[in-house]
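Number of protein chains: 2
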Amino acid sequence: MALEHAILVSLLEQPGSGYELARRFDRSIGRFWTATHQQIYRVLRRMEADGWIAAEEVAQDGRPDKKVYSAAAPGRAVLAGWLREPVEPETVRHELAVKIRAAAFDDPSALVAEVERHRESHAALLARYLSGERRDFPAGAALDAQQQLQHVVLRGGIEYERMTLAWLDDVLATLHRLGN
Amino acid sequence: MALEHAILVSLLEQPGSGYELARRFDRSIGRFWTATHQQIYRVLRRMEADGWIAAEEVAQDGRPDKKVYSAAAPGRAVLAGWLREPVEPETVRHELAVKIRAAAFDDPSALVAEVERHRESHAALLARYLSGERRDFPAGAALDAQQQLQHVVLRGGIEYERMTLAWLDDVLATLHRLGN
DNA sequence: TCCTGCTATGCAACGAGTTGCATAGGCAAT
DNA sequence: ATTGCCTATGCAACTCGTTGCATAGCAGGA
Chain B
1 MALEHAILVS
11 LLEQPGSGYE
21 LARRFDRSIG
31 RFWTATHQQI
41 YRVLRRMEAD
51 GWIAAEEVAQ
61 DGRPDKKVYS
71 AAAPGRAVLA
81 GWLREPVEPE
91 TVRHELAVKI
101 RAAAFDDPSA
111 LVAEVERHRE
121 SHAALLARYL
131 SGERRDFPAG
141 AALDAQQQLQ
151 HVVLRGGIEY
161 ERMTLAWLDD
171 VLATLHRLGN
Chain G
1 MALEHAILVS
11 LLEQPGSGYE
21 LARRFDRSIG
31 RFWTATHQQI
41 YRVLRRMEAD
51 GWIAAEEVAQ
61 DGRPDKKVYS
71 AAAPGRAVLA
81 GWLREPVEPE
91 TVRHELAVKI
101 RAAAFDDPSA
111 LVAEVERHRE
121 SHAALLARYL
131 SGERRDFPAG
141 AALDAQQQLQ
151 HVVLRGGIEY
161 ERMTLAWLDD
171 VLATLHRLGN
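Going line by line, the protein sequences match chains B and G. Position 84, counted from 1, in the first sequence is what UniProt numbering calls 84; the numbers after and before it change by one each time, with no gaps. Position 99, counted from 1, in the second sequence is what UniProt numbering calls 99; the numbers after and before it change by one each time, with no gaps.
Source of the hints: derived by calculation from the structure; they are not laboratory data. No residue lacks a Cβ here, since even glycine has one placed at the ideal position from N, Cα and C. Some hints could be false.
Which bits of chain G does chain B cover? Going by a derived footprint, with three or more residues having C-beta under 8 Å, they are [to be verified]:
hint: 1; segment: 32-45
hint: 2; segment: 91-103
hint: 3; segment: 112-126
Generate the whole structure from the sequences, applying the supplied hints.
Here it is, written out as structure tokens:
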């Protein structure tokens, strides 16, 4: 389990409440690590109990109080130790690929609309990545280590989306060829 | 859950025992869907009880008997229905990306060896994909629908590995820049 | 005014997935 | 002879992750 580590990184980049973390996981971090608010709250409580993170109650007017968490020294140490461990093999779950192979035993054209829907959502994500890149990493700007590392991860996302778009075009062409 | 569907596709392409399925999931299918033998045996029993697949006991000499499963008509119907449902959003778990961002709060050069290890394993996988492609899909050969769909999924894997290799080079260059 | 949605946290129950272990015969190498 | 690995299946216990629901005040639109 590495949800702890993803949360620690997020809190080091910027302290925040469970709710704020959940929203970050829906947005930027969710591109390479997903989590629901339930998981996040549970893990936050455990990490606080273990002393990895520190919590501060913050009163707000007009909305409920929140607990703002930030990474504590033991948390940083845990993260540093984890960094030196080898990455565990990822568990891949590529449902669309399963469906494409399944289409051989059914009507391949039944998949066309779904693949097109995918294509659109990947195109939209690519556009968001690119505009985020222009906003946060303008050409020629001096970047510190944290920003350079964030940028290289974003570039990975951009290249992944470009590759996926090209592949989905290939899939569509194949499906159309089979439909004739 | 779509492990049922991945198993159904695999059994339609080729009937087999739980053990054989587990090995297929370690190899070809595991590139886009991973599963342990425990999961597979459990799901097979459930699918057999539900009539999605049929089992046949096969005696072997020199080794234990095995149960060879094949997809039954209700299973095919389930698969056809599933094909028409929208693909669920994938849950992404990209541990290396988390580590790269974590490196900003530690020594970035601690990651170099790990990234290089990744680079090697992706290069090896690409080589295996390419040799598999030459073997199974030689240029100019006539392919039926099933083979064309398998081929387009394989092309996706190949392009993914190529993109990943280029990105890992980008990551290494970034880490080296930060190390000076 | 009612309905919807947002912020903010949490419980309870369930289902999915992992880990460790067990059985059991055969094969190959040390 | 013993050790270790391969085929083949399975139990039990556990952790991880998801889903549905609950609370509770405030803001904005129909």
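Here is how each hint holds up against the structure:
no.	hint	result
1	32-45	holds (count 3)
2	91-103	holds (count 13)
3	112-126	holds (count 3)
When each numbered hint is compared with the structure, no violation occurs for any of them.
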